[in-house]
Amino acid sequence: MKSKYNFLLIDDSEFDLFVYSSIIKKNHLAESLHMFRSAKEALIYLREEKDSLPPTVVLLDLQMSGMNGFEFMEHFSLLPDPLKKKIRLFMLSSTIDQSDIDRVDADPYILELLSKPLEIPPLLKAIEKHGRDML
Amino acid sequence: MENQQKIHVLYLDDEAHNLNSFRAYFRRKYDIITTLSPAEAEEILEKQDIHIILADQRMPGITGVEFFEKIRQLYPDPMRILITGYTDINAAIDAINKGEVFRFIGKPWDHDHVENTIGQAYEIYRTRADLRLRNLELQKAYEELDKFVYSASHDLRAPLMSVLGLVNLALMDEDVASQNQYLELIRLSVKKLDTFIINIIDYYKNARGTVKVEEIHFGPLIEEIRGTIAYLPEYQRLNVETRIGQTAPFRSDLMKLRLLFNNLITNALKFQDRGKDLSYLRIFIDIDAQQARIRFEDNGIGIEPENLDKIFSMFYTVGAQNSGSGIGLYIVNEAVKKLGGSINVSSIPGEGSIFELVIPTVNHEVHEV
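Protein chains in written order, with our numbering: chain B, 1 to 135; chain U, 1001 to 1369.
If we strip away everything but chain B, and leave its shape as in the complex, we get (with noise of 0.2 Å):
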């Protein structure tokens, strides 16, 4: 059974950055871990890596300066499939507001929402639900 996975993490905030990396490794559930202060970068990153990302997932903050989570879905929809196929995209956040919770539930590519703090076992929950086998 596999148990490692590759991580993405976007968050503007640095402490939280530290906190989930750390969290993540300590529990060494990290084949890898790339980490993006600005979701712009997160895109180019994801553009350029494009055939050679492994399956990976995505733990995406809401509330960002410069381009936030929503509007990176905005540019994540429109890159191309296989791509897309091969994310696991959560949105971590602290939001408690009902519009943004909508929002989350009616975007096709945001699996769930995982509250802020970061907890391993509601991650590995969310993670094996939907689709384990394919990451």
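Do not take every clue at face value.
[Unchecked claim] Derived pair list, reagent style BS3-like, types lysine-lysine, alpha-carbon separation capped at 30 Å:
1) B:86 - B:129
2) U:1147 - U:1338
3) U:1337 - U:1310
4) U:1191 - B:25
5) B:125 - B:50
6) B:40 - U:1192
7) U:1147 - U:1270
8) U:1270 - B:40
9) B:26 - U:1191
10) U:1192 - B:26
11) B:40 - U:1191
12) U:1147 - U:1192
13) U:1276 - B:40
14) U:1310 - B:40
15) U:1192 - B:25
16) U:1147 - B:40
17) B:4 - B:125
Please keep in mind that the hints were generated in silico from the structure rather than gathered at the bench. Note that this is a predicted model, so its numbers are computed, not measured.
Place chain U on chain B using the hints.
Just chain U now, kept in the frame of chain B:
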């Protein structure tokens, strides 16, 4: 203000002597424009701010009621009063019932009746205008409240969730050195949250507070603010220069000015360009009998042109580096407005920003609600 303003009356009648006698009698009381032609009346409505329209019912080509029907869509605000002889009273009553006109004045009219009717019409006109204004203000307040609640759910919760994440992480770690690192990060997060809360309180003090006028001494004010941030590590590499030229005493609201200086100085601190050997903030203040011109010049990271017009809106933040809560410049802008001044910003990304403020001096006590 509005009460002192003369009532603007437009009178349309095909008989010149009616217009003339109206004008002769009421010219001191109202601002009167008269016309014989319905087409010209429409032109006047387009160009001028009219409060009350009087129109004669019997005109060649168009009746008064028809004229009102025609202009109502485009100019719903002015109050419409019909002038009519006895034979047309039924048409007038019908028009009132349909809401086409406010009242009718029977011919021949007596002055007191006309004056009363116009007075009542204007009363309603003003009440409606006030109501529209209040509605706009309310709408703005609601929008801000929405933004506030949304932002509160983020800016108040996010640092807390960060702390919680760190606590979870610390619980997994036995190592004392790492524990101390986590504690330091928790401290930073708590500070950030505290700053946000203080900002929110400042904002509401500024928004609801009264204006208290006193003589302002800019030198000591800036020193005081520098004292409160001197402990910050970023402060050590920021060189603050102040130049003040003053030819007359300056009077204004100290609390709002403190808020303003505090935010602008803190911004220069936060948005330093680390690529430059030394960061500077130059504050130039020129005070004369009318106003203070204040200029903040820094060599920080600057602001992208497309963001310049957004920086004063609530909860807007620029750049991932050391992002703020997005309320600082909003507070500055609101404070400047309350002080009756203006603020301008110009910036070149990578070179720095210049904030220029003009704040009028207050020569009398102001009591504002």
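Hints violated by the structure (listed by number, smallest first): none
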